[in-house]
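Take the given structure of chain A and dock chains B and C to it, following the hints.
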Amino acid sequence: MFKECFDNVRDKSPLVHNITNYVTVNDVANIILAAGASPIMSDEPEDVEDITSICGGLNINIGTLHKSSIEGMLRAGKRSNELGHVVLLDPVGAGASKLRTDTALDIAKEIKLDVIRGNISEIKTIANGSGSTKGVDADVADKVSEENLNEAVAFAKELAKRLDTVIAITGPIDLVADSEQCYVIRNGRKEMASITGTGCQLSGLMTAFLIANPEDKLKAAAAAVIAMGAAGEIGWEHMKDGEGNSTYRNRIIDAIYNMDGEMLDRYADYELL
Amino acid sequence: MFKECFDNVRDKSPLVHNITNYVTVNDVANIILAAGASPIMSDEPEDVEDITSICGGLNINIGTLHKSSIEGMLRAGKRSNELGHVVLLDPVGAGASKLRTDTALDIAKEIKLDVIRGNISEIKTIANGSGSTKGVDADVADKVSEENLNEAVAFAKELAKRLDTVIAITGPIDLVADSEQCYVIRNGRKEMASITGTGCQLSGLMTAFLIANPEDKLKAAAAAVIAMGAAGEIGWEHMKDGEGNSTYRNRIIDAIYNMDGEMLDRYADYELL
Amino acid sequence: MFKECFDNVRDKSPLVHNITNYVTVNDVANIILAAGASPIMSDEPEDVEDITSICGGLNINIGTLHKSSIEGMLRAGKRSNELGHVVLLDPVGAGASKLRTDTALDIAKEIKLDVIRGNISEIKTIANGSGSTKGVDADVADKVSEENLNEAVAFAKELAKRLDTVIAITGPIDLVADSEQCYVIRNGRKEMASITGTGCQLSGLMTAFLIANPEDKLKAAAAAVIAMGAAGEIGWEHMKDGEGNSTYRNRIIDAIYNMDGEMLDRYADYELL
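Residue numbers (this note's numbering), protein chains in the order written: chain A, 1 to 273; chain B, 1 to 273; chain C, 1 to 273.
Chain A extracted, bound-state conformation:
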């Protein structure tokens, strides 16, 4: 089912423009390469329009903001929109500071986004901040669990509808929703949270999947979430005595490097609600 999504990434080798934080940028580059795509990083306002023009899509991650990179994000996003490129927003830390919240909301307002991918807190911040009512999401808890799953799915679909974008909420259970459908994904391992940047890596990887699969962005986004989760499972199987989060980071990227579409389907653990 998801096989062709990954095959398309390897076949088309999409070029991904990343404006991302300096903490996890190297791992983002390496996981994009591991999947057979190519990364370019550029955040300087005077450089981003040229760079995004030669790429197939744009990954905006607000993990470490600078005034000039915020301008870079907006300029790159607008140019991407003009060119009909895919744009993904990873609103890292939205809700944790005014600058991050405002920047995420500005980007969501100024730029047509194909996917917003974050954890539940970040996505709730987007939902609450950009709307006039807090109704639908006021009841969504801080973690998606089996107990609040139906509510969370409804929240994700509603927000996807309101913002006209795919919403990807990652955590112990991952949700990838448009206004009609929601993939509920149970791949991955809890130990992935002990590595910095697995979320950032997923956003980079997902942008590559979106570029390579323009005809079905919901499915492409879900395929990327499954790929990352499967890599977490495969990487963990390779862990040896004495190894910990730093080696696990390498083993996850290595697992993407060795993954193909058939493995993705074999590992996929999901339902469509």
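Keep in mind that the hints are not guaranteed to be accurate.
To be verified - Derived DSSO-like pairs: lysine-lysine, alpha-carbon spacing no greater than 30 Å straight-line:
| # | chain 1 | residue 1 | chain 2 | residue 2 |
| --- | --- | --- | --- | --- |
| 1 | A | Lys67 | C | Lys12 |
| 2 | B | Lys3 | A | Lys240 |
| 3 | B | Lys67 | C | Lys190 |
| 4 | A | Lys190 | B | Lys190 |
| 5 | B | Lys190 | C | Lys240 |
| 6 | A | Lys190 | B | Lys12 |
| 7 | B | Lys67 | C | Lys109 |
| 8 | A | Lys240 | B | Lys12 |
| 9 | B | Lys112 | B | Lys3 |
| 10 | C | Lys12 | B | Lys98 |
| 11 | C | Lys112 | B | Lys98 |
| 12 | C | Lys3 | C | Lys161 |
| 13 | B | Lys240 | C | Lys240 |
| 14 | A | Lys67 | B | Lys78 |
| 15 | A | Lys67 | B | Lys67 |
| 16 | B | Lys143 | C | Lys12 |
| 17 | A | Lys78 | A | Lys12 |
Honestly, the hints are just simulated from the structure, not real lab data.
The following block gives chains B and C in isolation, referenced to the frame of chain A:
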């Protein structure tokens, strides 16, 4: 003895605000996660006050300075002081350039620091630059050795007293001193110097230890130094044929991931002078 | 033949000033350390002149440009020239955006460069942009291959003569040329292209080789290319089941850590045209 210091980190999962260099920032984040704490990175002046407010302490590392990050350091430090948070300064390269020396001295003057952690050259720069006399430290050599140990301990205590902060001098022999006492620590391996950022990692880790152990900062700082040194020893034991400094970096962080308070006490090689 | 070039790096431990991108900077630092040299990173205009003064040479990499870092590159380069230090330019992405192309050309015009190291597209951009005629390089294809080798060698020598610098073009076949001679090097593996930053790492490593071997820069540059290629071959030999590009990155740096001059000569696969 140091067991509870590490246990407190794992129990309390302190949130550490890092304004640190872009060279080693990923390893700093991963070692903080390895210890069971959580890192946040933010250096933009308009973002740092909000971010530091939700954290338990601040790690300032001047390894790659920008004009805006210097402003960020000062604003974050002042806000942390207002909130009574722990603040650590890692004066990377103080003495190597005017900007680094001036910035380190400015921070030491403007912000109440709980710990200054650096190598002997950096700490001597702080000592010489901020005082009117060069007397006490004029005789301190460029490396702490068994031969000049008493002198170096006296220098560390004196500086700790003068600046009213814990002084941590790391190198072949590590010293962690307040005005009264000095831990002399002989953990670690010389091969750690062939990895970029073991010092930066220690500063991040130490900030987590300080936040989790507010009642005894001297001991908390010493515990972090011992943890890092022990990780260097354990990581080296796991090295395999053909491996070198890049894999060693991972193995050290992995060792922190697998370490607990009892191991820390078992590995601790120190005296209190 | 190349043995003494590597031995000189280990003996002299040159200090390398790097103004480089934030994507691969950590790996650049670790590979310089692996070779027995020392890295310092600084790009702030107010810091770079002091820092470059205490180093033996300067590695300028334009992989992620900021307005302030461009000023830093020019100031550091000019100071290095005044001091007679080695300066290397890695024109990452020249040709991909106006800012990158202009910056690379400005640096090549304003600063006396000892080596320009890039892929064939980047070097062609330098050649076309800076000259009034496109004659000599118009026929050079986008990849150096056995079929167009003689043409490519002639192009490299011509450009080296015109710009009075060593030209290093890396790819499936590597060329290192001055106006008279060209090393054609066939070390390395194609899988190195699946790691971000092997080119950036080579530029850092090469700067260390150049500083340590001032009497023969052409040979020093070729030795660094061979060392990197040999490390790619040795690192691959150590790859285990399930490992991929992220671990390969570590194994390449590890291979440099364990390499000595004799190994370099044993692995060297080159001819001099």
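Here is what the structure says about each hint:
no., hint, verdict
1, A:Lys67 with C:Lys12, "violated, 42 Å"
2, B:Lys3 with A:Lys240, "holds, 26 Å"
3, B:Lys67 with C:Lys190, "violated, 41 Å"
4, A:Lys190 with B:Lys190, "violated, 35 Å"
5, B:Lys190 with C:Lys240, "holds, 28 Å"
6, A:Lys190 with B:Lys12, "holds, 19 Å"
7, B:Lys67 with C:Lys109, "holds, 27 Å"
8, A:Lys240 with B:Lys12, "holds, 28 Å"
9, B:Lys112 with B:Lys3, "holds, 28 Å"
10, C:Lys12 with B:Lys98, "holds, 26 Å"
11, C:Lys112 with B:Lys98, "holds, 26 Å"
12, C:Lys3 with C:Lys161, "holds, 27 Å"
13, B:Lys240 with C:Lys240, "holds, 12 Å"
14, A:Lys67 with B:Lys78, "holds, 21 Å"
15, A:Lys67 with B:Lys67, "holds, 13 Å"
16, B:Lys143 with C:Lys12, "holds, 20 Å"
17, A:Lys78 with A:Lys12, "holds, 24 Å"
When each numbered hint is compared with the structure, violations occur for hints 1, 3, 4.
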